[in-house]
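Undergrad: Each protein sequence line maps, in turn, to chains F and G. Just so you know, we're using the working numbering here: the first sequence kicks off at 1 and counts up by one. Just so you know, we're using the working numbering here: the second sequence kicks off at 439 and counts up by one.
Because the hints were derived from the structure by calculation, they are not lab data. Hints may contain errors.
[Said to hold, decoys possible] Each computed EDC-like pair below joins lysine to aspartate or glutamate, with the alpha-carbon atoms no more than 20 angstroms apart: (1) Lys104/F / Glu453/G; (2) Lys48/F / Glu28/F; (3) Lys104/F / Glu578/G; (4) Lys104/F / Glu159/F; (5) Lys104/F / Glu579/G; (6) Lys222/F / Glu265/F; (7) Lys222/F / Asp342/F; (8) Lys222/F / Glu159/F; (9) Lys48/F / Glu62/F; (10) Lys104/F / Glu582/G; (11) Lys222/F / Glu28/F; (12) Lys222/F / Asp400/F.
[As the list claims (entries may be wrong)] Derived DEER-like restraints, expressed as beta-carbon distance ranges: (13) Glu146/F / Leu633/G: 42 to 48 angstroms; (14) Glu153/F / Pro497/G: 49 to 55 angstroms; (15) Glu153/F / Gly455/G: 31 to 37 angstroms; (16) Ser699/G / Asp107/F: 19 to 25 angstroms; (17) Leu148/F / Arg660/G: 35 to 41 angstroms; (18) Glu159/F / Ser699/G: 53 to 59 angstroms; (19) Ser506/G / Glu159/F: 21 to 27 angstroms; (20) Gly455/G / Ala194/F: 51 to 57 angstroms; (21) Ser413/F / Ser506/G: 54 to 60 angstroms.
[What the hints assert, rightly or not] Which bits of chain G does chain F cover? Going by a derived footprint, with three or more residues having C-beta under 8 angstroms, they are: (22) 648–660; (23) 664–676.
From a predicted model like this one, the values you see are computed outputs, not experimental measurements. Yeah, the Cβ is synthetic: ideal placement off N, Cα and C, and Gly gets one too.
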Amino acid sequence: MTSRADPKPEPDGPEPEDGGNPEDDPEELYENSPCGQLSTLSDGRIVKVNATLLDWLGYRREELVGRRTFSRLLSVGGRIYYETHLAPLLGMQGRIGGIALEMKAADGSRLPVLVAAAVREGSGGRPALVRVSVFEARDRRAYETELLRARQEADRERERVQQLATTLQRSLLPPALPDIPGTELAAHYHTASADEVGGDFYDLFPVSGGRWGFFLGDVSGKGAAAAAVTSLARYSLRAASASDPDPLRVLANLNTVLEHENHGEDPRFCTVIHGLLTPGEHGCEITLAGGGHPPALLVRADGTAGYLHTPGGQLVGVLPNARFAATTVRLAPGDTLLLYTDGLTEARTVHADGRHQERDGGRYGEDALLDFATGLAPTSAADAVAAVGALLEGLGEGVDDDTAVLALGVPASRKAPEAPGGQGTPEAPGGPEPFRSP
Amino acid sequence: MDVRRRNNVTVTGREDGPVVMLAHGFGCDQNLWRLVAPALAEEFRVVLFDHVGSGRSDPSAWNEERYSSLEGYAQDVLEICRALDLRDVVFVGHSVSAMIGVLAVLREPERFARLVLLTPSPSYIDEGDYRGGFSRADIEELLESLESNYLGWSAVMAPVIMGNPERPELGEELTNSFCRTDPRMARVFARTTFLSDNREDLAGVTVPTLVVECAHDTLAPREVGAFVMNEIAGSTLVTLDAHGHCPQLSSPGPTAEAIASFARAR
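Kindly generate the complete structure, drawing on both the sequences and the hints.
TA: Below is the structure:
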């Protein structure tokens with residue numbers, strides 16, 4: 001329909017849309033195309049350059065053609081990069097693209113560019129050429145610089161937050177567990193996220209009458225607000241224990257404190273097991289009071305394991321007169337008591353065998369934990385905590401909440417481990433029900 | 439540790455031929471030798487490898503401390519020689535690998551028969567009467583450019599940027615198949631390469647040495663080739679009529695011939 005301006009159209013190529021516009025002849029397009037164009041011999045010497053690039057760089061054609069190499073138009077960093085990486089790459093694969101470089105203009109200023117280059121093989125006496133297209137990228141580079149700066153800042157910020165979270169977390173846990181004669185203690189804290197403080201806590205400390213108070217709990221939520229409540233809970237439990245270590249009364253006191261705090265828009269509560277340990281002749285007696293917390297596990301010297309339920313214990317800090325329940329148990333040599341937070345039992349088990357998923361809706365669950373503990377029995381506090389630590393590692397990403405583990409055990413007497421169900425355990429073997437506190 | 443896997447070692451050529459070990463420099467990998475290796479393979483047993491952090495080396499073997507000095511790379515060269523039980527090695531080091539070869543020879547001279555230093559530079563920075571070709575500010579600019587990722591590492595960074603570890607082929611398509619390098623490792627290698635000063639080490643080289651320079655090298659000026667030859671007693675200098683810093687690509691024939699004639703003359 002329209003007459004062609006190009007006297008030698010490509011026979012097989014698609015027809016250019018503007019093929020009929022006499023003003024857009026190829027030579028004009030080359031000289032004034034929106035991007036810079038330049039061709040070099042394989043040794044880098046410039047043989048052709050378009051007006052656009054000359055204009056950008058402020059050179060006259062005769063200053064470049066036959067006199068300069070492409071890499072000499074680059075910043076020093078760019079030149080080294082070109083010679084060591086890009087030129088070999090171009091030689092080997094014939095083309096490169098999307099390369100960010102800086103060109104040096106005649107007046108010494110820098111021009112950020114994106115470069116694509118392709119080799120035209122020499123044939124029929126024509127030398128091989130490297131064709132380079134140069135795209136001005138000033139705005140883009142400024143944008144990238146801004147992005148990079150923002151990313152570096154975000155990295156620094158994140159590092160700072162992690163540092164803060166770690167410090168805060170450490171302040172909520174005892175730096176070391178005390179020594180209690182005749183008792184072995186071990187604890188483990190599994191951090192699910194380096195960025196956030198979890199709400200789990202535990203402690204163990206002396207109270208009156210040669211006895212020891214201890215607790216392990218979990219404040220709802222995460223982050224700084226949860227940490228503040230965790231700190232409050234910790235100190236309330238310790239302070240209350242100092243005047244009266246009875247676990248039920250300690251929990252009632254904490255409930256009053258937290259409930260008074262809970263008037264804002266962000267109510268916080270916690271679950272706790274609070275205990276009182278009384279060392280005895282052969283072992284120790286432990287009274288536990290539970291407030292909405294997963295039951296403690298008793299792993300016995302006779303190779304059995306069972307939960308110590310405190311039925312009816314309510315969440316701490318929600319109701320003004322919450323009810324709590326207590327239970328008392330005797331730990332004989334070889335027995336181990338294990339307290340944990342629900343980060344463990346609530347861990348997702350998508351990668352584990354299907355059994356747990358069916359039983360507990362894709363969570364690890366209390367049944368699986370009981371099986372696990374039975375597999376450990378008999379054990380020691382240190383071994384039990386190490387095993388749970390390994391279990392948490394194994395659950396990997398499935399553990400999406402922090403998990404605290406505290407174990408108290410009476411070291412097995414020399415004869416006891418060899419005789420399951422023997423003199424080491426006063427309670428009947430397999431009898432999981434401990435006697436209730438009055 | 440499997441040294442062959444770590445350094446992606448490949449062996450070609452005549453099994454009973456003298457051993458020629460080809461070491462690539464900063465910015466590339468063993469592919470750089472692909473126009474030279476076939477010519478050498480007719481006569482020699484050719485050993486190629488990628489430095490850790492380059493090409494198809496094992497990325498898990500990289501550690502910043504070891505590869506922050508050329509000694510770490512020289513150690514790798516010696517470990518490859520031991521693992522393959524290579525003796526009377528003709529070591530050909532391009533660019534920074536020339537100095538890596540010098541360090542390896544200083545440690546275990548008995549392992550090496552000859553040394554070929556291809557476009558070497560014992561120090562890139564001008565100092566006093568010595569002309570390395572760059573000012574300290576130039577090199578700082580290079581390192582800063584690498585640091586800020588403005589030199590086009592985006593192409594090799596593609597898999598990282600795309601964040602699609604479960605679909606690595608997406609990154610693969612965007613990534614150059616040659617001379618691949620992790621930008622973090624490249625930054626360390628660049629720092630090691632361009633800030634090292636091995637001028638003092640040259641005098642200790644005791645094996646016969648050939649220095650090969652390009653007449654129009656954009657990175658190492660002619661003075662550097664002469665300096666290296668003068669420092670290594672008994673060494674000879676060959677100047678190729680070649681452009682750029684990689685004569686293996688721009689003048690593969692003469693480069694292979696220079697290596698072969700020196701390697702066979704013993």
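Undergrad: Which numbered conditions among the earlier hints are violated in the structure presented, ordered from lowest to highest?
TA: Of the numbered hints, 1, 4, 11, 13, 14, 15, 16, 23 do not hold.
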